[in-house]
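Put chain B on the given structure of chain A with help from the hints.
As they're listed, the protein sequences go chains A and B. Quick note: the first sequence, position 115, residue 115 per the numbering used here, numbers continuous. So the mapping is simple: the numbering used here equals the position in the second sequence, first residue as 1, plus 242.
Since the hints were made in silico from the structure, they are not lab data. Computed from a predicted structure; not experimentally measured. Treat the hints with care, as some may be off.
[To be verified] BS3-like mimics (lysine-lysine), calculated; alpha carbons at most 30 angstroms apart, straight line:
(1) B:Lys423 to A:Lys90
(2) A:Lys179 to B:Lys548
(3) B:Lys523 to B:Lys548
(4) B:Lys544 to A:Lys109
(5) A:Lys14 to A:Lys154
(6) A:Lys199 to A:Lys27
(7) A:Lys154 to B:Lys722
(8) B:Lys788 to A:Lys14
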Amino acid sequence: MLKVENLGKKYNAKTNYAIENISICGKAGEIVGILGHNGAGKSTTIKCITGMHPYEEGSISICGFDMAKDPINAKRNFGYVSDEFTLFEKMTGIEFINFMADIYGVSTKDRTTRVELFQNMFALGNSINNPISSYSHGMKQKISFMGALIHNPKVFILDEPMVGLDPYTSSQVKAFFRKHSKEGNLVLFSSHNLDVVDKLCDRVYIIDQGRILEEIDLAQFNKTGKDLEEYFLSKTKRVAKT
Amino acid sequence: MREFLILFKHELKTQFPIKPQKGKVDVLGSILSTLMTLLIVATFVSLISSIAQTYVSVKIDKISAPLERARELLNVCYLVIVLATAFASMEKMRSTFSQQKDKNIFLRLPVKQQTLFMSKLCTLMIWNYAINFVLIVSVNVIFALAVKLSYTFWLSTIAICLLMPLLSFLLATLFVVPYIKFMDFISDKYTVIFILVSLLLIIAFTLYSLLLSLVQSLLETGSIKHIFNQAFVTTLQKLLAIAYPVNCFANIALGENLLLSFAIVLIVATISIFAVYWVSKHLFYATLYKNERTIHPIKKQKPFKKLSPLSSLIRKEFVSVFRNPNQLFSYFAIATAMPFMVYSCYTLFESLIKNSLGLSLDFPLALLVLLVFSILTNTFCATNVSRDGITALKSKVFPIKASTLLIAKVLFCAIVSSISILASSILLGAVTNLNFGDATICAFIGLMFSTAQIFIATRMDLKHCKVSATPAEIERISSKTVTKVVFVGLILALVLGLVAVVVPIMANSNVEFLKFHPAFAYIFPIAGSLLYLIVAILYYNFKIEKNFETLVM
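Isolated chain B (complex conformation):
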């Protein structure tokens, strides 16, 4: 038992790495991070709450059935939770059981393999329960606020929290073996990964656009009831009728068919416990003595080609990012999907503004959307130095200036970002009613603005970089840099965009001194972004050599 407890404690610490922050606390970064998180949570909660309130008041054949609608909506939410946590559990099972990680360390120690397995399985269970608990409680609280429900709802919430994680675990268990095989197969096929993640991102953004169109409908009509019509509800009912056994949870929550639903869920839970134990054990023992190193087929050596140090450093950046699936997603896939995102958002808001305000604000809107998405794409640059880890320190040995080493990183990001911005502008100019002249100016401003963001993010990362940091620490440090860069970028983008909006409106104003020349709508964003770029370059170059020189462990 003592052995189990020691291993279990070790696993808990690995899976939940909550450590008090040491050293100098980044107050501004922490405040901005907290504010941004609160803003996102508040927006999400109010949106879901609003959708829930609207949906439960929908009348079918002029008859209102709030409990029935609540059951349908709860079903949808639970289905999403089960699918999302099943996927997350599948990934967690892969990393916990099928990868070598710390197993080879414990193999050398006098530790029973079964005890090690049990400690890993228990930690995985706790992790799954924790994730499910947060999601289920959040959904149920939003529901309780939208629909008046009795105290039994809270009692059933406890039962759902205990039983639903087992369902997502069962689903994960069913698909984990083919999932591992697939992941192993594509692990070194970077182009395939790139295409897959880009496609997934575009699909995710299509769903997001769908949500935005709901918001548009809400803003235009004051309600979203016309989307939630009889045909919609009937289709949803048909889909949910076959969504066994997820639909049993909604029944339990609302006290309908309680005994039957409980019986089904308990059977599923029992099967799940056995299945999870059996499959996890199989994965654990199958990979216990596995050699992690992949055997690569021998490739033919390419002839040597000499490059300049700068070109070689840019190439190195490309290779490092493209061959790392996480970084490939964070940068290349997002940059690839950006034109699509810009186009979707632009068309959505353009029609919204035209319909609700009667205004045609093509240029300012295109500019604002382009700048916001370029900001989001360039958040990756906040790890430009720190993601190299200890190799950043080793590159101090190279006979090249720190400015050359770092400008290679900036140039690499600027190339990716520029291609993305140019593609977005061409798409807007070609497909939407934005004329090509305006699209060209948008691209020009976007390029300056985005390059400024890259300069600032890289310099901030160098300032806060800790080369010996673990990936989790790098993420924590860079998240604060990201927040600051995004915050400054969003404010500037809003100012530039708003001036471009206000100038044409004010041209028709009666107040003489507010009548700016229409060209000002273009001059101000161009001058503003140019000034931002100059400030960014100055900030970037300030004591850069000294800062790099003092970069230590």
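Isolated chain A, as found in the complex:
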């Protein structure tokens, strides 16, 4: 469903690579995590995958559509929630979701059903009819989720999705990730929260200084009895001081 091969990106021709030789693979029914410290290259990788940032090297394919050659079809197949909740602040929550549904060509029937589902899932109630500028950080995040999921994407990409969510919504989101992946979709998200990654993901890519250090199959890894936190810190050469 998602295939990233040897992805390389420089922000400036004179500077070093922000990310280099990144290869990520995501299959249907999986939850894949990208784990790394702040500034490791997680957001840059995700921004390249979603088409927000142009890239110099490598290839990205989403549901068989090449991001460079057929970006429109590639973009039609994923939903994206960014780490900055940059929304059209002057719209109301429902106007924003409707706008996103129009962009992705969602039928009136489907959007009605999905809005009802998400409204219950995120406990939004009637505040969905208020301007986004009046929302709290958490509320904005919930609206971002709804906008990204309104077209029921095959690939769901998120950048640091759990930041700012209350415990109830956080557990609802995690449950949704599992449900969405079980329905044959792929969930890919970046995080520096080891606990979330450990409990939720099937596979994890450890990224540091713009490079993939290791791909871990968590089911296999957990059988070894190793601690993911210690392993991650030893891999990234930042051993925790106890």
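Relative to chain A, chain B alone:
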């Protein structure tokens, strides 16, 4: 003291964001901006200077009293300065003290609330003094050039610069609480804001028309003395007699009733210092722990309606502009007031040309006025991409082509602009002596010309767009795009208008090769604007996808 100085420095940097320009310098944009500013300042100074010279030489009952006239005119200028700066101070007090802004950041830091308040108050004082200083010195310099005044005038100028800002602050303090309440009340009533700003704009333009009629009188008669007659001066004197304590400043400037005027002004200044401190402190502490988020009443959910991506993007543009008071004013209010502006300017210049040159140039004049105002209305389009900020970058994720995303912005502006141009043309055709055929051709040319301007402005903005820019940076970047677009547009409008003027005149010429067919007066502007539109579309489409793709932080 150290804490105060750190906070004070921070406040100064926030209130006066003067930063050296980083990166590539837009030389052409900077030169054109400077030239345009100089042109506006020079026109303003020469106009005021001319009015001042004429007014001080007015004779009442055949007696000339230049000092008395100077005092009246100075009074008027000072009154305008006090009212304008009082309003500006009121708005500044609202944004500094009654809005949360950075207060919640400082609340978490070990900073004394009183020190934070004092740093904000001192910065506000400096800001008010700076604005007043520029205005007072400008007016006094123009006056000194128009009327021969002694060195004491300059000494009193220093005193006025020190004391007048306190008067405008006092006025601001008196009205700031109801003003804040009113602004909070209308903050989410966009239709009310739209009607109010449109009305304010029409009132401002009426005053501007009044100034233009003074210019017309100056051009027709060589002087404006017949407007400044005895009745006018007497009415002005009656009004100024009650304009306390502003009239004391003119007395101080010209050395009349010096002691009494000084005493009044000093009392006002003392009251002002206490009032400003007390009201500002009240506003600051009342909103210190205020939650900025407005509680909106729960509205009933409307049934869903599916739109095409293009229609939805155009709707999004409308909502974003209409619900932003600044943008609402910059575009919708100006576009609404445009027919009125076009009509006023057309009737003014039409009679001026008829009276002074004996020519009837209805069509070219209507065309020129229409094009100039459509240029001014469309300056807003120079922020078509950049005003979205970081969301412009996020829209790259949408499964639609960049050309669709951007054409929605162009179409939105073209719809607003077209309605404005059509309304202006209908008004001219219906109310003035411009016939409907000419009005229709004017509208046709105006639509092509305006659409071309929108295409160019949008493309230029995309080229220079910096999505992570602050509102101040967006303003700086777009101001250079605006200057270029206005400059090109004005030159083209002048060329099209002038050809339409020259052709009918040349039809009576003795020189055979200059005798163009009268239809050429219409064909040239139509062909010119069509060509401009084609060039604009080509420029707009040139590497547009690539340019949008490389749009990054």
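Which hints, by number, does the structure contradict? Hints 3, 5 and 7 not satisfied by this model.
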